[in-house]
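Asker: Each chain, letter by letter, is given below.
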Amino acid sequence: MRSDDAVISVHDLGKSYRLFKHPGDRVKEFLCLGLKQYHRESVALEGVSFEIKRGETVGIVGHNGAGKSTLLQLVCGVLKPTRGSVWVHGRISALLELGTGFNADFTGRENVFFQGAVIGFSQNEMQKRFDEIATFADIGDYIDQPVRTYSSGMFLRLAFAVAVHVDPEILVVDEALSTGDAAFQDKCFRRMEVIRNGGCTILFVSHAVGQIARFCKRALLLDHGRLVFDGPVSRTLSLYVNNAYGVKQNEPDSSNFSQSDSADGLVRRPYYNDAEIRLGDRAATIWDARLIQGGVENPSFFVPGKRTRLLLNVRFHVAVDRPVYEFSLKTARGAMLFGTNTSELGTSEKAQEKGSDVTVCFDFDPYLDAGEYAISVGISGLAPTGSVTHDRRYDSIHFHVAQPLASGGRLAINAEFHKVVDVAQLPTTELVKL
Amino acid sequence: MHWYLLCQLIKRDVLLRYRGAMFGVLWVLLTPLIMLSIMAIVFGEVFQTRWTQQQDGVPFWLVLYSGLIAFNVFGDAVSRAPTAVRSYPNFVKKMIFPVAILPLVPLGSALIHAAFNLAILLLALAWTGHLHFQAALYPIMLIPLLLGTVGLSWFIAAWGVFIKDMTQIVPPFVQILMFVSPVLYPATAAPASLLPLYRYNPLGAVVEACRSAIFGQPIDWRAWIAALLCGVVTAALGWLFFRRSREEFADAL
Chain X
1 MRSDDAVISV
11 HDLGKSYRLF
21 KHPGDRVKEF
31 LCLGLKQYHR
41 ESVALEGVSF
51 EIKRGETVGI
61 VGHNGAGKST
71 LLQLVCGVLK
81 PTRGSVWVHG
91 RISALLELGT
101 GFNADFTGRE
111 NVFFQGAVIG
121 FSQNEMQKRF
131 DEIATFADIG
141 DYIDQPVRTY
151 SSGMFLRLAF
161 AVAVHVDPEI
171 LVVDEALSTG
181 DAAFQDKCFR
191 RMEVIRNGGC
201 TILFVSHAVG
211 QIARFCKRAL
221 LLDHGRLVFD
231 GPVSRTLSLY
241 VNNAYGVKQN
251 EPDSSNFSQS
261 DSADGLVRRP
271 YYNDAEIRLG
281 DRAATIWDAR
291 LIQGGVENPS
301 FFVPGKRTRL
311 LLNVRFHVAV
321 DRPVYEFSLK
331 TARGAMLFGT
341 NTSELGTSEK
351 AQEKGSDVTV
361 CFDFDPYLDA
371 GEYAISVGIS
381 GLAPTGSVTH
391 DRRYDSIHFH
401 VAQPLASGGR
411 LAINAEFHKV
421 VDVAQLPTTE
431 LVKL
Chain S
1001 MHWYLLCQLI
1011 KRDVLLRYRG
1021 AMFGVLWVLL
1031 TPLIMLSIMA
1041 IVFGEVFQTR
1051 WTQQQDGVPF
1061 WLVLYSGLIA
1071 FNVFGDAVSR
1081 APTAVRSYPN
1091 FVKKMIFPVA
1101 ILPLVPLGSA
1111 LIHAAFNLAI
1121 LLLALAWTGH
1131 LHFQAALYPI
1141 MLIPLLLGTV
1151 GLSWFIAAWG
1161 VFIKDMTQIV
1171 PPFVQILMFV
1181 SPVLYPATAA
1191 PASLLPLYRY
1201 NPLGAVVEAC
1211 RSAIFGQPID
1221 WRAWIAALLC
1231 GVVTAALGWL
1241 FFRRSREEFA
1251 DAL
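Protein sequence lines correspond, in order, to chains X and S.
Quick note: the first sequence uses this note's numbering, first residue 1, plus one each step.
Quick note: the second sequence uses this note's numbering, first residue 1001, plus one each step.
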């Protein structure tokens, strides 16, 4: 039943907690050998089955209390299942909670070695890894200070550094990354990519949909302790997001989907990114998008700083009172560079009737360094209850920027160099006036 | 087995007790030194007590101290057992961790303290000219006590997770055990009718054996072997109980 390359196999897994009203009740129940019940059962997880293969990266999403953490704890063997079975093959490194097992009175260095001992590494084996860990954590001299003096960010850095440098075969991360700053998160993801390419299986829980979308190909959706969906990350996330924001679920009607897919011009474009994440209720859809620079549609390279136009074709399947068009720009690695929408730009777009088809455009100057970038586009509607996502296509367009005049960093800001002999002779007079 | 991890935990436990103190780990030596000096002054000079059966003129305080060291290994470890697992909920719930070694940590740290105590005692014996080569048997004499303590620690630590009251219940019991065992007096001081009880009380048997070892007297091997068997059984039962209840720890903490 279990496939050959599976590293985690979960079958009909269930976990319920015995809740005792009073600590003494536990003693009573123990003493009467289960003949009388003194507890109430609370079900945290029920009938969950899935299998994860070597090298897979799987995200787990769900509301608070959906059973995500319980599931991870069961996989790690920290909790014992009430029903069903968990089979895990390989050494697990787990970040179930930030810096647990760190003793506040010991220094970072001592704690690193202790964590190593917990995982089963000797002093020597840890010594070999220590420099790498310290470099990754990048907390400088604090490594020799007691951990209680650390900020939560430093805590995370060190804990994460240890977890990813002990050659795990399975890495389990629960929510841990949410406290790190963007730069460190980026570093963590790069490191996780490295160990994933080395064959490590990664199980990843996060409330940050973006993180899951960026990092996982497959995701599990849990709801009230049940596994509701297990599949490609885009489908899982759209189910999750739509549930999370209380939008009535448009049942994924297959005929409806194929119809809209055939009408979707974007997927046939050469710059289309088939790893896009598409969310929304599809009450309105973006069915095509084009990039134009200097009168050329979809040039193979974009020139930095030159006016560029993003054309979007949007069809409204229902009437939308206050449509908001959105667009954002990221590096290919996923770092957000810029994002805006018509609401932020201060234009309120006119209401659209059912069946209307509109073309809108954003004009912008891509002052960008040479490299690869991704554009996300979206259409949502402002309702009295809040914003409703109709169609959001994350990273759906890829484009390249050619070498700028001076390069380094992600932005090309048209820097010029002048040797100053006399300030009055500088070409930009504004500077002098200031 | 996770010997290396256990050693690290014990090291942390000992270091943590003295971390931040001005004399630091030096207290491991200072405390027994002060204790023994006080006992020497009080029992040797002020309150001139005699051991009922004088052991070749050995001062009372040396006899008393040699028995106390053995008992304190048991007493310290067992008194701390109720919180041995309970005070590490993170190790139980949030980490992949061999929880079964946690109850062994207080015992390990008690043993380290006992080693320093013993070193000081041996020095004092050499000083007063009572050092006997049979004292080398002392660690071996302790084995039944260690096994029994391991078993009890597992048992008490598991109960301590579920019942907070264990922290209150256990220490007085340890006190009571000290008074009913031949620690502060020789077993022969007990009334004849209670003697067998004293002789085969495993804790008492070990303390007596340790004392005999130190002062080069014949060891009661029958009582010692009975204690050893008792220790093995306690350890096995404690392990079984701990393993069975371990599954519930995460839910209870």
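If you're looking for bench data, these hints aren't it; they were derived computationally from the structure.
Possibly wrong hints are sitting among the right ones.
Said to hold, decoys possible - Cross-link-like lysine-lysine pairs, in silico, DSSO-like; alpha carbons within 30 Å at most:
hint, chain 1, residue 1, chain 2, residue 2
1, X, K80, X, K128
2, X, K21, X, K53
3, S, K1093, S, K1011
4, X, K28, S, K1093
5, X, K217, S, K1093
6, X, K187, S, K1093
7, X, K21, S, K1093
8, S, K1164, S, K1093
9, X, K53, X, K36
10, S, K1164, X, K36
11, S, K1093, X, K330
12, S, K1164, X, K128
13, S, K1164, X, K306
14, S, K1011, X, K28
15, X, K36, S, K1011
16, S, K1164, X, K53
17, X, K354, X, K187
18, X, K217, X, K36
19, X, K217, X, K128
20, X, K21, S, K1164
To be verified - Some chain X residues near chain S, calculated using beta-carbon distances under 7 Å:
hint, residue
21, G101
22, A117
23, D288
Claimed, not checked - So the derived list for chain X, only partly shown, Cβ under 10 Å to chain S, looks like this:
hint, residue
24, H63
25, N64
26, S93
27, F301
Glycine residues also receive a C-beta, built at the ideal position from the N, C-alpha and C atoms.
Asker: The structure should be examined with respect to each hint, and the outcome stated for every one.
Answerer: Each hint tested on the structure:
| no. | hint | result |
| --- | --- | --- |
| 1 | X:K80 with X:K128 | violated (34 Å) |
| 2 | X:K21 with X:K53 | violated (42 Å) |
| 3 | S:K1093 with S:K1011 | holds (23 Å) |
| 4 | X:K28 with S:K1093 | holds (24 Å) |
| 5 | X:K217 with S:K1093 | holds (29 Å) |
| 6 | X:K187 with S:K1093 | holds (28 Å) |
| 7 | X:K21 with S:K1093 | holds (21 Å) |
| 8 | S:K1164 with S:K1093 | holds (18 Å) |
| 9 | X:K53 with X:K36 | violated (43 Å) |
| 10 | S:K1164 with X:K36 | holds (23 Å) |
| 11 | S:K1093 with X:K330 | violated (39 Å) |
| 12 | S:K1164 with X:K128 | violated (42 Å) |
| 13 | S:K1164 with X:K306 | violated (71 Å) |
| 14 | S:K1011 with X:K28 | violated (38 Å) |
| 15 | X:K36 with S:K1011 | violated (44 Å) |
| 16 | S:K1164 with X:K53 | violated (43 Å) |
| 17 | X:K354 with X:K187 | violated (45 Å) |
| 18 | X:K217 with X:K36 | violated (48 Å) |
| 19 | X:K217 with X:K128 | violated (33 Å) |
| 20 | X:K21 with S:K1164 | holds (15 Å) |
| 21 | G101 | holds (5 Å) |
| 22 | A117 | holds (5 Å) |
| 23 | D288 | violated (49 Å) |
| 24 | H63 | violated (21 Å) |
| 25 | N64 | violated (18 Å) |
| 26 | S93 | holds (8 Å) |
| 27 | F301 | violated (50 Å) |
Of the numbered hints listed earlier, those contradicted by the structure are 1, 2, 9, 11, 12, 13, 14, 15, 16, 17, 18, 19, 23, 24, 25, 27.
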